[in-house]
Each structure stands twice: as structure tokens, then as C-alpha cells.
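Novice: The listed protein sequences correspond, in order, to chains Z and D. The numbering used here applies: residue 1 is where the first sequence begins, and numbers increase by one. The numbering used here applies: residue 144 is where the second sequence begins, and numbers increase by one.
Source of the hints: derived by calculation from the structure; they are not laboratory data. Where a beta carbon is used, it is the ideal one built from N, C-alpha and C, also for glycine. Take the hints with a grain of salt, since some may be wrong.
[Unchecked claim] Derived DSS-like pairs: lysine-lysine, alpha-carbon spacing no greater than 30 Å straight-line:
#1 D:LYS206 - D:LYS296
#2 D:LYS181 - Z:LYS44
#3 D:LYS206 - D:LYS181
#4 Z:LYS139 - Z:LYS129
#5 D:LYS166 - D:LYS296
#6 D:LYS206 - Z:LYS44
[Said to hold, decoys possible] Cβ pair distances, simulated, as ranges:
#7 D:TRP303 - Z:GLU82: 40 to 48 Å
#8 Z:LYS44 - D:SER146: 54 to 62 Å
#9 Z:GLY121 - D:PRO177: 22 to 30 Å
#10 D:LEU233 - Z:GLU45: 31 to 39 Å
#11 Z:PHE30 - D:SER290: 37 to 45 Å
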Amino acid sequence: MYKLTVFLLTILMSVSVLAQQTQVQEPLVFKSQEQQERFDQLTKELRCLVCQNQNLADSDAPLAHDLRREVHELLQTGRNDEEIKQFLVDRYGDFVLYRPPVQTNTYLLWFAPLVLFLIGGLVIRASVKKRTALFNANKNSND
Amino acid sequence: MSSRLLPLMAFMALVVLLLVGLKISDKKTQIPSPLIDKPVPAFDLPVLANPSRQMTNESFLGKPYLVNFWGSWCVTCRAEHPVVTDLANLNAVYIIGMNFRDESPDAIAWLQRWGDPYDVSLIDYDGRTSIDFGVYAAPETFLVDPSGTIVFKHLGQLTWDIVENEILPRVASMESGS
Numbered sequence: 001m002y003k004l005t006v007f008l009l010t011i012l013m014s015v016s017v018l019a020q021q022t023q024v025q026e027p028l029v030f031k032s033q034e035q036q037e038r039f040d041q042l043t044k045e046l047r048c049l050v051c052q053n054q055n056l057a058d059s060d061a062p063l064a065h066d067l068r069r070e071v072h073e074l075l076q077t078g079r080n081d082e083e084i085k086q087f088l089v090d091r092y093g094d095f096v097l098y099r100p101p102v103q104t105n106t107y108l109l110w111f112a113p114l115v116l117f118l119i120g121g122l123v124i125r126a127s128v129k130k131r132t133a134l135f136n137a138n139k140n141s142n143d
Numbered sequence: 144m145s146s147r148l149l150p151l152m153a154f155m156a157l158v159v160l161l162l163v164g165l166k167i168s169d170k171k172t173q174i175p176s177p178l179i180d181k182p183v184p185a186f187d188l189p190v191l192a193n194p195s196r197q198m199t200n201e202s203f204l205g206k207p208y209l210v211n212f213w214g215s216w217c218v219t220c221r222a223e224h225p226v227v228t229d230l231a232n233l234n235a236v237y238i239i240g241m242n243f244r245d246e247s248p249d250a251i252a253w254l255q256r257w258g259d260p261y262d263v264s265l266i267d268y269d270g271r272t273s274i275d276f277g278v279y280a281a282p283e284t285f286l287v288d289p290s291g292t293i294v295f296k297h298l299g300q301l302t303w304d305i306v307e308n309e310i311l312p313r314v315a316s317m318e319s320g321s
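With the sequences and hints as input, model every part of the structure.
Specialist: What follows is the structure, encoded as C-alpha cells:
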């Protein structure tokens with residue numbers, strides 16, 4: 001029984017691996033290893049807008065296919081990474097970027113953690129000071 | 144005393160934050176289009192009824208028009224179809240049907256079956272124009288003013304409410320302005 005289970009599991013796993021491989025296939029040809037790496041990096045950082053919590057590299061939605069094709073073509077025409085991102089931002093807005101740019105409407109997003117961290121530090125400092133004073137006062141009265 | 148109230152206040156602040164989050168949660172999927180107040184993206188596409196004829200964005204300069212992205216594969220387009228038809232019957236604004244990522248025979252059959260509300264349908268077979276418009280769902284509708292500037296965009300199904308409150312007033316103000 002145990003052997004049979006292992007056998008079936010092995011088959012199931014190999015099938016799922018096959019399924020993943022067929023999904024990745026796409027007739028995109030790159031001129032160089034470097035270009036392929038840039039493509040991989042870009043599609044990881046760009047959001048698929050239909051399935052909003054997936055990036056372009058992972059998504060199998062038709063729009064993601066089209067946008068991958070578009071990124072691939074822009075790479076072929078020699079655009080740099082910034083230009084390619086700008087191309088998509090011009091059409092879909094900042095939301096297409098997984099890493100939001102630092103600009104006036106994202107200051108809160110970028111710097112709030114730092115501000116909270118500093119406030120926390122101040123609170124701890126104040127509380128430590130108070131306790132030290134209390135401890136010293138107790139020590140002095142005990143002496 | 145104040146050190147006891149502090150956690151409670153922090154907790155209340157969190158509750159307020161969560162409530163605000165709940166309030167705006169259904170708006171979060173609506174991504175503001177960066178194309179508002181920008182010139183309409185250039186296109187040069189074949190006409191569905193006569194593919195040997197091409198029309199460009201410049202063909203439509205001089206009058207307000209709607210660009211409605213649709214496909215025969217799109218269930219919501221079927222759902223909004225009566226609203227588009229009612230709007231077309233008003234003859235208030237020129238409507239371009241942007242048939243994207245679709246097979247033309249399917250598109251023609253769809254229009255024959257449900258009725259054709261469009262003044263003209265253009266074929267965006269590979270969806271390239273839809274990318275230039277920043278379309279990521281269907282249907283999407285854009286209102287363009289006579290100078291070729293996008294003034295309004297609606298994502299998803301058109302309702303009569305939107306036609307009455309967002310589209311028609313803007314069209315009327317364009318006409319009185321020109």
C-alpha cells in the first residue's frame with residue numbers, strides 16, 4: 001500500500017512539473033543572455049493588471065501575454081529599462097510598478113515606517129529615562 | 144492614568160484605519176487612468192464592416208466621440224449592450240466600437256445577433272491599440288473631446304447612471320463650448 005502511494009505521488013508530481021514547463025513556453029527569442037536577464041527582471045517588477053497580485057512573469061492572463069510581448073519588442077528596439085517602465089506607466093499608471101516611485105503622493109508610503117520607528121525609539125527612551133529615575137530614587141531612599 | 148488610556152487610543156486609531164480601509168476597498172480595483180486629459184493614443188485600424196478601409200484617430204477629430212472596447216468573448220460587454228444601444232438611440236454622441244482581441248466573423252455574428260449600436264467598429268486584432276489606451280479589462284469606455292483629448296474613462300460595465308451623470312453632461316458642455 002505504501003509503495004503504491006509513493007508511486008502515485010511520484011507520477012502526480014512529474015505531471016505537475018510538466019504542466020509548469022508547458023506554461024512557461026512562449027515564442028520569445030532574445031538576442032543575448034543579457035537581454036533575456038533584463039526581460040526576466042522587468043517582468044518580475046511589472047504588475048499584471050488583470051490579476052493584480054501577480055507580476056507579468058508569473059501571470060498567464062491574455063493581457064500579461066500581450067504585455068510580455070510588448071516588453072520583448074521594446075527590448076529589441078534597444079530601449080533601456082527606464083524607458084520600458086515609462087511606456088507602461090504612461091498607459092497604466094504607477095500601479096503597474098511593483099516598486100512605487102518616490103514622489104509627493106508616495107512620501108507617506110515610503111517614509112511612514114521610518115517616522116514610526118523614530119516615534120517608537122522616542123517612546124522607549126522616555127520610558128527608560130522614567131524608570132531609571134524611579135530606580136535611582138528607590139535606591140537612594142533605601143540607602 | 145494617561146498611560147492606561149494610551150493603548151485604548153491606539154486601538155481606536157487602528158479601528159478607524161480599518162473602517163476607512165473597508166470603505167474604500169471596493170474602489171481599490173479601479174485604477175485611475177493616466178490618460179485623462181491626454182491626447183487620444185494614435186491608431187490606424189481597419190473597419191470591421193469593410194477591412195480594406197483604415198481609419199485613424201485623426202478621422203474623428205472635430206466632434207466628441209466615445210471609444211467602447213468590446214469583444215464577442217466578453218460577457219460583461221453583452222451585459223452592457225442594452226445601455227450602449229439606448230445611448231446610441233439618443234444620437235447624442237458618436238460611438239466607436241473597438242473590437243479587440245477578437246475574430247472578425249465572431250464579432251460580426253455578435254453584432255447581428257444583439258444589434259449594432261456602433262457608428263463604426265474598428266478591428267484591434269492583436270490588442271495593440273488597447274494597450275495604448277491602457278485597457279486591462281473589458282469593457283472600457285473613453286470619452287474624447289473634439290480636439291482629440293480624453294476627458295473621461297469608465298472601467299467595466301456602462302450603466303445608465305454613468306451615461307446620464309458622467310457622459311451626457313460632458314458631451315453637452317463640449318457642444319455648448321464649441
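Novice: A separate judgement is required for each hint: does it hold in the structure or not?
Specialist: Results for each hint:
{"no.": "1", "hint": "D:LYS206 - D:LYS296", "result": "holds (17 Å)"}
{"no.": "2", "hint": "D:LYS181 - Z:LYS44", "result": "holds (28 Å)"}
{"no.": "3", "hint": "D:LYS206 - D:LYS181", "result": "holds (16 Å)"}
{"no.": "4", "hint": "Z:LYS139 - Z:LYS129", "result": "holds (15 Å)"}
{"no.": "5", "hint": "D:LYS166 - D:LYS296", "result": "holds (22 Å)"}
{"no.": "6", "hint": "D:LYS206 - Z:LYS44", "result": "violated (42 Å)"}
{"no.": "7", "hint": "D:TRP303 - Z:GLU82: 40 to 48 Å", "result": "holds (43 Å)"}
{"no.": "8", "hint": "Z:LYS44 - D:SER146: 54 to 62 Å", "result": "violated (47 Å)"}
{"no.": "9", "hint": "Z:GLY121 - D:PRO177: 22 to 30 Å", "result": "violated (39 Å)"}
{"no.": "10", "hint": "D:LEU233 - Z:GLU45: 31 to 39 Å", "result": "violated (45 Å)"}
{"no.": "11", "hint": "Z:PHE30 - D:SER290: 37 to 45 Å", "result": "holds (42 Å)"}
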